[in-house]
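Trainee: Since chain U is already given, all that's left is putting chain S on it; use the hints.
Going down the list, the protein sequences come from chains U and S.
Residues in the first sequence are numbered from 1 upward in steps of one, following the working numbering.
Residues in the second sequence are numbered from 1 upward in steps of one, following the working numbering.
Please note that a few of the clues may not be correct.
Just so you know, same-sequence chains aren't split out, so a pair can sit in one copy or run between any two.
Below 25 Å or equal to it, Euclidean Cα-Cα: the simulated DSS-like pairs (lysine-lysine) are [as the list claims (entries may be wrong)]:
| # | residue 1 | residue 2 |
| --- | --- | --- |
| 1 | Lys182 | Lys299 |
| 2 | Lys294 | Lys71 |
| 3 | Lys354 | Lys371 |
| 4 | Lys71 | Lys297 |
| 5 | Lys71 | Lys299 |
| 6 | Lys299 | Lys81 |
| 7 | Lys350 | Lys363 |
| 8 | Lys81 | Lys294 |
| 9 | Lys87 | Lys246 |
Hints listed in this document are in silico derivations from the structure and should not be mistaken for laboratory results.
Note that the structure is predicted; figures quoted are calculated from it, not measured.
Protein chains: 2
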Amino acid sequence: MNFSIEHRDPGSSARAGSLITDHGLVRTPFFMPVGTAGAVKAMHIRDLREDIRAEIMLSNTYHLYLRPGTKVIAGAGGLHKFNGWDKPILTDSGGFQIYSLAHIRKITDDGVIFQSHIDGSRHHFTPESAIDIQRDLGADIIMAFDECTPWPCEYEYAKKSLSRTHRWLDRCLEHFDKTDCKHGYTQSLFPIVQGSTFEDLRMQSAEYIASKDSAGCAIGGLSVGEPAEMMYAITSLVCGILPQEKPRYLMGVGTPANLLECIALGIDMFDCVIPTRNGRNGMLFTRDGIINIKNEKWKNDFSPLEQGGDVFADLQYTKAFVRHLFICGEMLSAMIATTHNLGFYIWLMKEARKHIQEGDFAKWKAEMVIKLMRRL
Amino acid sequence: MNFSIEHRDPGSSARAGSLITDHGLVRTPFFMPVGTAGAVKAMHIRDLREDIRAEIMLSNTYHLYLRPGTKVIAGAGGLHKFNGWDKPILTDSGGFQIYSLAHIRKITDDGVIFQSHIDGSRHHFTPESAIDIQRDLGADIIMAFDECTPWPCEYEYAKKSLSRTHRWLDRCLEHFDKTDCKHGYTQSLFPIVQGSTFEDLRMQSAEYIASKDSAGCAIGGLSVGEPAEMMYAITSLVCGILPQEKPRYLMGVGTPANLLECIALGIDMFDCVIPTRNGRNGMLFTRDGIINIKNEKWKNDFSPLEQGGDVFADLQYTKAFVRHLFICGEMLSAMIATTHNLGFYIWLMKEARKHIQEGDFAKWKAEMVIKLMRRL
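Same shape as in the complex, but just chain U (with noise of 0.2 Å):
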């Protein structure tokens, strides 16, 4: 993997550049859409690539584990080849949804067992396991496997928790040395940064993470409940820790307005059930701000979804025709809003990178992040 950063903004921290993979090219920032079980939800893999052009997702470890199982991606020569999509992948570890989903039964300094959400079945997660799951799947950014805390939580649980990630994150290093790729294309693993609202611990764990050298560092536990204005501060103090020339991903953030005033912040990278989990729900991102299509007011307006919009769904749709659909339950308008919200997200990853290029970002971001906010 190889980053260069191509552009900084003058009046911010925010950075443009390219990520390389084996599987291709990825220019930062950029927004990865959440392919849950290998596929994002309600999207043709095709339209996914053609249509809202994203040059990278990111799928769930813990669901591909589950369900279809390890081995049968292993088996298909990877995910690449069992969902056909043929550009770069990122995987995460797993453990944000043993944290949320699963029936925990036990974390210890070995790992976690857990039971499965869906049918209560048993498992042992390990740093070891988490990589050797990975190296199956055979995404090109790969994750270390760490404890994502909730918010609030007790700083003394934070500091103990953190120890563990840490140390966990030694294991994870120790076996991804170890181990090789499977499917004979490079991965590269992304330490992670925890800690939750606690100055120090945040500043330890950045510290921590920096002195890894690895190929990219993420920022995990934000984006959990804290304020956004939390969420902004601890990602500014990790990221004057975290090395300059490395890229950086904030994991599970965000709104529209919340990724440019990370990309503010110095990040590079983000992923986000939001643009397809309130698609699905009726919520609209748009350029001028955000739209509940299920509202009455639409009900007679035959103006396409966004004008200017670049999707197709965009200008082939019309407002009201999408309310309909909605109040219908027509699954095309699960899939209508996604195609709509995921195109937007990275529509507005592209103009965050050109407005970078050509140094107004800090300005066009103030004014930007006010109409992303806005209810229509």
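Mentor: Just chain S now, kept in the frame of chain U:
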């Protein structure tokens, strides 16, 4: 509307021709994907046009009347403008759903009073209102308001119902002649042959419908539970009476094998929810037979969904991946199955047409129906 028969199969009653409407040409025989609420479930309008290459779609008056309401669609400039499908559309009269979905209050000679299956609201359909609504919707082909009798049905009820259906037809025709199209293009009204599975009633009805000299003729009340052999026998009987030079539409039929058998009997037009509804449940129709894609046997089958298939989904996705999506309950599974099955139905109609043109339809059909009914 203009219909011309260009080829007749020497070994059967199959015909191949062209149906020309103000929204374009449709080659016969054809299958109409069902767009219940104005759009085919789980499929983008663009994909129906550009990938499946459907030349006509069907939509349901009952559903559109209830949601979003005729007024909204008329306000958009008709259904073509509302849903963005600019090729021909056929709407049914609403009758079928009133009997199958609504809570019926009362059928009288005047019409039907029924309660919506959605909110229990009370509505009144008459032959005249069914025409008015279809004028508002603006489909190229609209249907007479009839009673579709269930199967089995008492002879006396079928006879009484048929007589009412014929009286309603006269009122539909009269009202149709008295009213104009609303959106600037012409509409054609098709009467419907009923009579349950009673030969004398069917013959009487076919003669009555033939005497109306309408642009086309439909056969309703079949494929409602009777054995396939009975459906073929009635279809054959009726086709022998209906005018040769008019298009014939067999409503609500059927499986791929049903379609080929009925083309051989002289049918030109079909619609059915089987490819879409069964697809959403994991049943895939292929050139080699029927696949239940949820079956364990496909778990590690990394071959394309259908080798040689001509829609993008056939080659983009493997059987193992689609099975995985079904097992996970991913919406994408329904999207893929819908795309595949409709693509297959449209392909089958094109093949049938080709064999009619080449004069070997009967032989091809005999071999094909055996393959199509095979369980893989």
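Trainee: It remains to establish, for every hint, whether it holds in the given structure.
Mentor: Hint check results:
Taking the closest pair of Cα atoms, Lys182 and Lys299 come within 25 Å of each other only across two copies (21 Å); inside a single copy the shortest separation is 53 Å, beyond that limit. For the identical chains of this complex, Lys294 and Lys71 are inter-copy neighbours only, at 18 Å across copies versus 42 Å inside a copy, given an alpha-carbon limit of 25 Å. Proximity of Lys354 to Lys371 under the C-alpha cut-off of 25 Å is restricted to the intra-copy arrangement: shortest distance 18 Å within a copy versus 56 Å between copies. When the C-alpha separation of Lys71 and Lys297 is checked against a cutoff of 25 Å, the pair qualifies only between copies, where the shortest distance is 15 Å, while the shortest distance within a copy is 50 Å.
Taking CA atoms no more than 25 Å apart as the test, Lys71 paired with Lys299 passes between copies only; the shortest distance there is 11 Å, against 49 Å inside one copy. In the homo-oligomer, the alpha carbons of Lys299 and Lys81 lie at most 25 Å apart only across protomers (15 Å), although the nearest pairing inside one protomer, at 43 Å, exceeds that limit. Within a single copy, Lys350 and Lys363 get their C-alpha atoms as close as 16 Å, which meets the 25 Å cut-off; across copies the closest is 57 Å, which misses it. Only between protomers do Lys81 and Lys294 lie at most 25 Å apart by alpha-carbon distance; the minimum there is 20 Å, versus 38 Å within a single protomer.
With identical chains, the CA atoms of Lys87 and Lys246 are at most 25 Å apart within one copy only, with a shortest distance of 21 Å there and 53 Å across copies.
In the structure shown, no violation is registered for any of the earlier numbered hints.
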